[in-house]
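Student: One line per chain: the protein sequences are L and Z, in this order.
For the record, in the first sequence the residue sitting at position 201 is 200 according to our numbering, with numbers rising by one throughout.
For the record, in the second sequence the residue sitting at position 13 is 98 according to our numbering, with numbers rising by one throughout.
Keep in mind that a hint or two might mislead.
[To be verified] Each computed DMTMM-like pair below joins lysine to aspartate or glutamate, with the alpha-carbon atoms no more than 25 angstroms apart: (1) L/K105 with Z/E132; (2) L/K105 with Z/E142; (3) L/K320 with L/D292; (4) L/K262 with L/E287; (5) L/K320 with L/E102; (6) L/K140 with Z/E132; (7) L/K57 with L/D79; (8) L/K262 with L/E53; (9) L/K105 with L/D79; (10) L/K57 with L/E23; (11) L/K204 with L/E102; (12) L/K320 with Z/E132.
Just so you know, the hints here were simulated from the structure itself, not pulled from any lab data.
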Amino acid sequence: MTLSAEAPSTKAAILDVAREQVLERGERLTEEQVLQVLQTSDDQLEALLALAHEVRMKWCGPEVEVEGIVSLKTGGCPEDCHFCSQSGQFTSPVRSVWLNIPELVKAAEQTRATGASEFCIVAAVRGPDQRLMDQMREGVKAIHEAVDIQVAASLGMLSQEQVDDLVDMGVHRYNHNLEAARSYFPQVVTTHSWEERWDTCLMVKESGMELCCGGLVGMGETVEQRAELAAQLGSLEPHEVPLNFLNPRPGTPFGDLPLMDSKDALRTIAAFRLALPRTILRYAGGRELTLGDLGTREGLLGGINAVIVGNYLTTLGRDPKEDLALLDDLQMPIKALNATL
Amino acid sequence: MDSFCGHCGNPLAEGDHAVCQQHLTLEPPRYCRECRRRLVVQVIPGEWTARCVEHGETRASTWTS
Chain L
0 MTLSAEAPST
10 KAAILDVARE
20 QVLERGERLT
30 EEQVLQVLQT
40 SDDQLEALLA
50 LAHEVRMKWC
60 GPEVEVEGIV
70 SLKTGGCPED
80 CHFCSQSGQF
90 TSPVRSVWLN
100 IPELVKAAEQ
110 TRATGASEFC
120 IVAAVRGPDQ
130 RLMDQMREGV
140 KAIHEAVDIQ
150 VAASLGMLSQ
160 EQVDDLVDMG
170 VHRYNHNLEA
180 ARSYFPQVVT
190 THSWEERWDT
200 CLMVKESGME
210 LCCGGLVGMG
220 ETVEQRAELA
230 AQLGSLEPHE
240 VPLNFLNPRP
250 GTPFGDLPLM
260 DSKDALRTIA
270 AFRLALPRTI
280 LRYAGGRELT
290 LGDLGTREGL
300 LGGINAVIVG
310 NYLTTLGRDP
320 KEDLALLDDL
330 QMPIKALNAT
340 L
Chain Z
86 MDSFCGHCGN
96 PLAEGDHAVC
106 QQHLTLEPPR
116 YCRECRRRLV
126 VQVIPGEWTA
136 RCVEHGETRA
146 STWTS
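So here's chain L without its partners, still in its complex pose (with noise of 0.2 angstroms):
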């Protein structure tokens, strides 16, 4: 064997794989060719990342898709997902709560006033109950006749016939995560299985909403579990796809675990791009501490055309104005109200 039959394959080529393959042609990446992504050296990175904006800006352009997003229901989850606070299961001090109308109501205006598009509703459950189901409905109605917001949901595991009432409602994108690659998440989760998320997945996207569906990196996973997850989201096709980082919380799990470095994030990014080149690509919980001010433009001129403003579910994030001020600065448009990327 020659060393230039080789050469397609090696690290040092994976690049200029992924411009010909993904840049040019539009196909994503394969999980063995995410993986030589993830195993690039910090020498590379700066490349990798100018592809990977490459890739967004010919598949998927300029725009940002701004979004915001409330916990309805807080706390005493039921499940055991080892990096969340508001299980029932830990020692976290996250307490019980559910948020009623007006708040919600108020929680769409404020997304709205930074100019985002879109207001997801969100509730620590395994699946939804009949009170949570008609909270919903109440709270979307009271939501479309005040704002002027698309309005998603992210409620756990469906059945069809919640599918068919989320439709009903006139929620157009329900979020359901992997959370982690097939082989990591019984590490992960134990109370239900990676098996089930894909099903609900399938499911939402059978019925005409958009599905989003990401999850988190920094879990401890290999970064051969890293590239399955990317693959794995890749052939689901969603709609769009949250990227988070751990951010230990205490009293869970995962809690004592390190922040994920930031050159491992940023690689990350741009990897789960050239895996999803015309897929949204959302900043979602943990990039303040895993990338700071910096990371954050980078990961945005690295392949991120997504991003969550305002606080988390019971995290706080950045004042929007500095999000708004930097992707002004990077002169990338916020995503209008019901365009499409």
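Dock chain Z against chain L, hints included.
Tutor: Here is chain Z on its own, set in the frame of chain L:
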């Protein structure tokens, strides 16, 4: 007068709470600073509220006007 750390809930007079203070720039308090009870906290995009059954509600905006 504050007696307890809003982040970890331990007495302010015991130990160093500098790291806790850093956490509180990106998290609402979880413990009442007066009595150490766990707070009922709600976070929305531009503010948070924290309610102690004994000492009432604190509300704070997280956005500059």
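Student: Give a verdict on every hint.
Tutor: So, going through the hints one by one against the coordinates:
no. : hint               : result
1   : L/K105 with Z/E132 : holds, 10 angstroms
2   : L/K105 with Z/E142 : holds, 18 angstroms
3   : L/K320 with L/D292 : holds, 13 angstroms
4   : L/K262 with L/E287 : holds, 14 angstroms
5   : L/K320 with L/E102 : holds, 22 angstroms
6   : L/K140 with Z/E132 : holds, 23 angstroms
7   : L/K57 with L/D79   : violated, 40 angstroms
8   : L/K262 with L/E53  : holds, 19 angstroms
9   : L/K105 with L/D79  : violated, 31 angstroms
10  : L/K57 with L/E23   : holds, 9 angstroms
11  : L/K204 with L/E102 : violated, 30 angstroms
12  : L/K320 with Z/E132 : holds, 14 angstroms
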